Amino acid sequence: MAQAASAARTVILTVDDDPGVSRAVARDLRRRYGESYRIVRAESGDTALEALRELKLRGDLVAVIVADYRMPRMNGIEFLEQALDVYPGARRVLLTAYADTNAAIDAINVIDLDHYLLKPWDPPEEKLYPVLDDLLEAWRAADHRSVGITKVVGHRWSARSSDVREFLARNQVPYRWYSSDEPEGRRLLAAAEQDGRRLPLVVTPDGTALIEPDDPELAAQVGLATTPTAEFYDLVVIGGGPAGLGAAVYGASEGLRTVLVERSATGGQAGQSSRIENYLGFPDGVSGAQLTDRARRQAAKFGAEILTAREVSGLEINGAARTVRFSDGSAIAAHSVILATGVSYRQLESPGLVELTGCGVYYGSALTEAAACSGQDVYIVGGANSAGQAAMHLARGAKSVTLLIRGESLSASMSHYLVQQITEAPNITVRACTVVEAAHGANHLEQLTLRDVTSGYTELVDAQWMFVFIGAAPLTDWLEGTVLRDERGFIPAGPDMTPDGQPPKGWELDRPPYHLETNVPGVFVAGDARAESAKRVASAVGEGAMAVMLVHRYLEQS
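So in our numbering the end of the sequence shown lands on 579, straight run, no missing numbers.
These are calculated hints, taken from the structure and not from any lab test. Here the structure is a predicted model, which means the values were calculated and not measured. Worth double-checking, as some hints may not be accurate.
[Stated by the list, open to error] Restraint-style ranges between C-beta atoms, simulated for each label pair:
| # | residue 1 | residue 2 | range |
| --- | --- | --- | --- |
| 1 | S351 | G276 | 20 to 28 angstroms |
| 2 | K556 | S351 | 30 to 38 angstroms |
| 3 | R218 | A246 | 16 to 24 angstroms |
| 4 | E158 | V482 | 56 to 64 angstroms |
| 5 | R574 | T229 | 31 to 39 angstroms |
| 6 | D227 | E332 | 43 to 51 angstroms |
| 7 | C454 | T519 | 35 to 43 angstroms |
| 8 | E146 | I232 | 53 to 61 angstroms |
| 9 | C454 | D155 | 56 to 64 angstroms |
| 10 | V107 | E501 | 38 to 46 angstroms |
| 11 | A212 | R181 | 15 to 23 angstroms |
| 12 | R91 | E146 | 43 to 51 angstroms |
Every residue, glycine too, gets a C-beta built ideally from N, C-alpha and C.
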């Protein structure tokens with residue numbers, strides 16, 4: 022009975038589009054586990070996902086998800102992949118016919134499938150229950166304490182409200198959104214003795230009310246680690262994108278005391294991607310959030326510390342130590358540093374855009390705003406992969422998506438597979454040789470002035486949503502005077518610093534810099550911040566791993 026009490030709100034979910042099969046699976050599950058677990062069944066992937074989201078908002082736990090493979094519109098693998106975003110710790114089982122076993126085997130790699138069961142599963146005492154018993158035991162052995170829900174009260178066109186939602190979502194913090202002009206939003210404002218003029222209001226699970234919190238305050242209050250546990254490490258990784266996460270995983274797994282410092286949320290630009298389809302090992306694609314969550318959990322499993330909402334302001338060389346200074350005046354030191362700071366989207370400088378940023382104008386995917394774009398006309402500025410991925414994602418619900426590109430075609434800057442998908446999408450239009458001349462609106466975006474760069478012709482269009490993906494600016498200004506950078510701010514490393522065979526100025530060692538080593542011995546660079554990098558997720562992860570190998574070589578010879 023103790024087990025039953027502890028699992029009273031824990032769910033086993035089953036989904037099958039055949040009502041008879043659905044009832045039969047649920048019946049067998051209730052017969053064995055009904056006293057200890059709540060059995061929830063659904064008859065489509067969409068309804069099952071809706072049920073999972075409701076369970077998540079209520080704080081319920083889901084231990085096992087059993088999904089049929091052959092379902093219309095969304096098959097079992099596609100459903101389980103999306104379910105992984107909602108309940109990453111739930112054990113996943115695919116129910117399949119013998120003819121589909123190859124798909125089931127492939128799913129082991131695609132969605133970390135725990136098991137697949139062949140139909141029919143009778144007798145359940147031999148074919149179903151032993152599998153479920155093992156999976157439930159494994160699930161119970163992990164830490165699945167329920168996480169309370171953070172409440173956010175804000176306004177649709179409040180820039181800071183949008184930033185807070187994006188921060189929480191990208192850091193995998195469960196939250197519920199309330200509009201300030203709806204009854205529940207007004208009730209929460211009244212309880213916090215606020216009149217709604219200062220938004221957002223964030224109410225943490227313990228009832229603490231935060232008014233217009235900045236990222237460090239918010240991170241500390243919702244349980245994200247912001248303070249290092251030590252003063253000295255073997256390795257400090259600065260930046261939590263694919264390169265930084267790759268470095269943290271390999272550094273910690275190979276015995277280095279590793280801390281990763283991220284100023285906003287792990288994942289970087291890749292973490293904001295709705296779908297990455299050209300990453301090795303994921304033939305059906307993977308969302309940036311999903312990939313980031315797996316990498317973050319993997320790094321933590323090996324013992325890497327991950328600090329969030331910490332702004333790095335300087336790097337100092339103090340003998341053998343490399344000291345990393347934070348904007349609040351504190352510091353940590355290490356034997357070695359990997360710079361994986363990534364890049365940020367360049368800002369459009371057209372009139373009206375600064376005032377409307379966060380109020381209809383967004384830099385990056387801003388996936389938290391995607392649902393509000395349903396049935397709307399959306400504009401996307403940019404012609405690289407990130408813009409294409411956002412266009413495909415937003416096109417699922419938007420009335421229309423218009424890609425604005427300065428060049429003559431997408432093929433010059435976008436992967437071929439994305440160009441094909443965009444060409445075939447009925448509600449996506451590409452406007453070549455077009456730039457945004459100005460943005461207009463009182464409190465939120467209402468119109469855009471577009472200019473044809475070839476003819477000079479301008480056009481005023483109605484628009485409430487614009488997402489910008491133009492160029493990449495490296496986040497390296499804080500390295501001025503310490504680490505060598507090129508004229509664009511990117512960091513050269515290894516052979517790129519020694520084109521004439523001579524070491525960089527100030528280099529005192531009797532060896533040339535290692536491949537990813539900067540002009541400062543023991544300081545390495547990986548990912549998009551490196552000069553001439555490939556700007557792809559796979560290459561960034563690879564560079565993060567390679568940098569750790571070179572860190573080991575550096576430490577052995579120091």
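Verification of the hints:
1. S351 - G276: 20 to 28 angstroms: For S351 and G276 the Cβ distance comes to about 26 angstroms; the hint holds.
2. K556 - S351: 30 to 38 angstroms: With a Cβ separation near 33 angstroms, K556 and S351 satisfy 30 to 38 angstroms, so the hint holds.
3. R218 - A246: 16 to 24 angstroms: 33 angstroms, violated
4. E158 - V482: 56 to 64 angstroms: The hint (56 to 64 angstroms, Cβ to Cβ) holds, given that E158 and V482 are roughly 59 angstroms apart.
5. R574 - T229: 31 to 39 angstroms: 47 angstroms, violated
6. D227 - E332: 43 to 51 angstroms: Violated: the Cβ-Cβ distance is about 26 angstroms, outside 43 to 51 angstroms.
7. C454 - T519: 35 to 43 angstroms: This hint holds: roughly 41 angstroms between Cβ atoms.
8. E146 - I232: 53 to 61 angstroms: 58 angstroms, holds
9. C454 - D155: 56 to 64 angstroms: Taking Cβ atoms as reference, C454 and D155 lie about 60 angstroms apart, which means the hint holds.
10. V107 - E501: 38 to 46 angstroms: Given about 43 angstroms between the Cβ atoms, the range holds.
11. A212 - R181: 15 to 23 angstroms: The hint (15 to 23 angstroms, Cβ to Cβ) holds, given that A212 and R181 are roughly 20 angstroms apart.
12. R91 - E146: 43 to 51 angstroms: 25 angstroms, violated
Of the numbered hints stated above, those contradicted by the structure are hints 3, 5, 6, 12, listed in ascending order.
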